[in-house]
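K.L.:
So the chains spell out like this:
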Amino acid sequence: MSENASVISPVGRIDAATAPSLENELSGAIEKGDREIVVDLSSVEYISSAGLRALLATLKRVKALEGNLVLCSLHPYVKEVFDMTGFSRIFTICNSKEEAIRSLGC
Amino acid sequence: MTEMENQVWQPLPGVENVQIFSFLRKIDIISSNSYLVAAPDLLMVVDPGGLPEQADILAGEISRLLAEKPRPVLVCLTHVHLDHCAQLMRHPAFRTLPHRIIAVQEHGARALETGDRAATIADLIQQDLIVTGIDIHLLPGANEAMRVGEEYHAEGIVCSSFIDSVPLEGGKTLRRQCIPLAGESVLEFFHTPGHSPDSVCIRIGEVLFIGDLVFATAPGVAGLKGWDLEALLTSLDNITSLLSHGGISVCLPGHGRPLDTPMMLRTLAAMKKEAARLEGIESINPEWIKETAAYAGDLMDEVDRLFTIIAGRLVYVAHVLDELEESGEADRLRGMIDSNLVDELLSDFNRFSLEYHSGQVLGIHLALKANQISQKLERIYSGEVIGSVLDLSLVRRVERLLLDYTITFRGFRPHVDLEATDISIAAGEVASALSCPHYRDETIIDAESEEEFARALALRIAYVNPFENVEIVYNSGKDLPLALMDRGRFSDLLQYIFEKISAAGATRFTLTTGRRGGNVQIIFHCAVSPSAFNEKVRQFLVKSSSLSGGICTLSPEGDGLSLMLQYPAVNPEPQYLEKPNQTGR
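Those sequence lines, one after another, are chains Z and A. Take the position in the first sequence, starting the count at 1, then add 191; the result is the number in the numbering used here. Take the position in the second sequence, starting the count at 1, then add 907; the result is the number in the numbering used here.
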């Protein structure tokens, strides 16, 4: 099902300490040619502004390469942060990984 | 001022043939500074401190000096808080020191001899306290007759001492106890209660050991067991007079760097002003620490959420402006807050909080850490600048939370401004503000310059309504009495509840104002699971409700939940004059 989409599943907190490694992982996926990326946030219970910036930087990068990045399975707190900051308007947010992969047309 | 080098023997200013070794530490509550003084016929230790590795170094120096020339070792404590003296009781080298004489002010001596956990703050820092005999009870009660030529016998050695008074300004005098040190020079002990009942300052030549005198008005310190405002003011005056008299060039504190006399006099003057504001401060005891640590955790969670929203929304607006090729305005927004630093501070607190919950650090440490982080956040955050772009309620809530914690940590209760309020009007204003943007489209159209246009555009983009897909039904009660509440806090609380209900996935909720008994109330009904309001959210709700003057009750109702806020009615009808329901949630 996910043959053409790369699914990345961070765990725990995405904050000042962990955002750089997530961004590196996402960069690595782009560098190896992935253009359709799903970030599964089902195991992320917290995101800080550093995490938001890391996701936005990746979205901009992948869009410049005519790809896309979709988020799925947001924890209620993370969903709240996306809604309150306006990030929900920038990202495609799906309820499940399967839905996210489908939304990418994979 | 003679520069006091850390852990280097150097001549003690003002006395011949006497050397001093300063063990200086950064300021914390784990251990104090320590000082060694070496005279030809006496070694002296001021405050052995609270850390074993610190005591190892001190014991090594003492051992080397005793090997060169055996002599008595006088251990003096500026006071008996365990960060200053725990190693005197615990460290094997100090426990078995040959020819050791311990000198402590009378109150502290009794505390160590009876194992008083509160007076030694053993209860606050949760350490064991070993009962210890004290050889010299310094400066006993002022009512006792002055004693001349008293001798103390300990460990087969004789230590002579006398008590007299030194004249101060305005005809006042200050009692002192003296112990001969070398030649004509003496150790002079002055009783300086305030920080604790047993606090003393010790003078040798041009040096004054001041213990924790300069920390006596500090948050988390003022209000400790035995802290005494009146005594502190007298001690500040006495030491100011003593220093003004001349002859003292350097003051060696119990924590942090030495101070020269002009700096010390400025510090004492500032402390007198600060002390005058400490009337009515709460007691710093284990219960206070437990409550404050819990409050710190709840509050920092909310501070974290609000800062993430503020920083994230600025990133969002800057991103959209970039897309619109308004990079100048986008950069201005990015520069409004140092998001990286905010993130690092909040991550740091989170790590500390995890350590606290796993029992690695104490409540007092968490409370101190929250204070440190909240002070730093206040310094790097400009509400005025951010409020020029973002929703003012975010700015106001952050400022209120940081201020509340600062006040709580200082030992006071946050300011609550209770006023008679029409709950229906207050709630209606909050509800309508949610759907009312704080920008005007005309501002964009009428912009006369590129800069004005960019700023108006930023303001438009920054308007994010997280409730745009939520239907709010508001039923306003009729003829309700006024409620006694802090209106600003009530508005903040309602906004918080709206956000939490929306985040829980509700697409519709009702809001009803009414009365029950002698109370006025507002009830939220929504179809979300009560479990969406986790324990942290519930704690924050209870605390915020209380600060707004009310009581919060959260209960399941059908497929959803009901959240009720109750406030006492002003001039309720006579039949309702019983006590309001205090059952809480």
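Honestly, the hints are just simulated from the structure, not real lab data. Heads up, some of the hints might be wrong.
Just a few of them, taken from the derived set where beta-carbon distance is under 8 Å, the chain Z residues facing chain A [as the list claims (entries may be wrong)]: (1) 203; (2) 206; (3) 247; (4) 254; (5) 285.
For each residue, glycine too, the CB sits at the ideal point set by N, CA and C.
K.L.:
Return the status of the interface hint for residue 247 of chain Z: holds when the least beta-carbon distance to chain A is below 8 Å, violated otherwise.
P.N.:
Holds: closest Cβ of chain A sits about 6 Å from residue 247 of chain Z, inside 8 Å.
K.L.:
With chain A as the partner, please determine if residue 285 of chain Z meets the hint condition of a C-beta pair closer than 8 Å.
P.N.:
Where the cut-off is 8 Å and the nearest Cβ of chain A is about 15 Å from residue 285 of chain Z, the hint is violated.
K.L.:
Go through the hint on residue 206 of chain Z and say holds or violated, using the shortest Cβ distance to chain A against 8 Å.
P.N.:
Since chain A brings a Cβ to about 5 Å from residue 206 of chain Z, closer than 8 Å, the hint holds.
K.L.:
Hold the hint about residue 203 of chain Z up to the distance rule: shortest CB distance to chain A must be less than 8 Å.
P.N.:
With Cβ-Cβ at 11 Å, over 8 Å, it is violated.
K.L.:
Taking 8 Å as the limit, does the beta-carbon of residue 254 of chain Z come near enough to a beta-carbon in chain A?
P.N.:
violated (10 Å)
Of the numbered hints listed earlier, those contradicted by the structure are 1, 4, 5.
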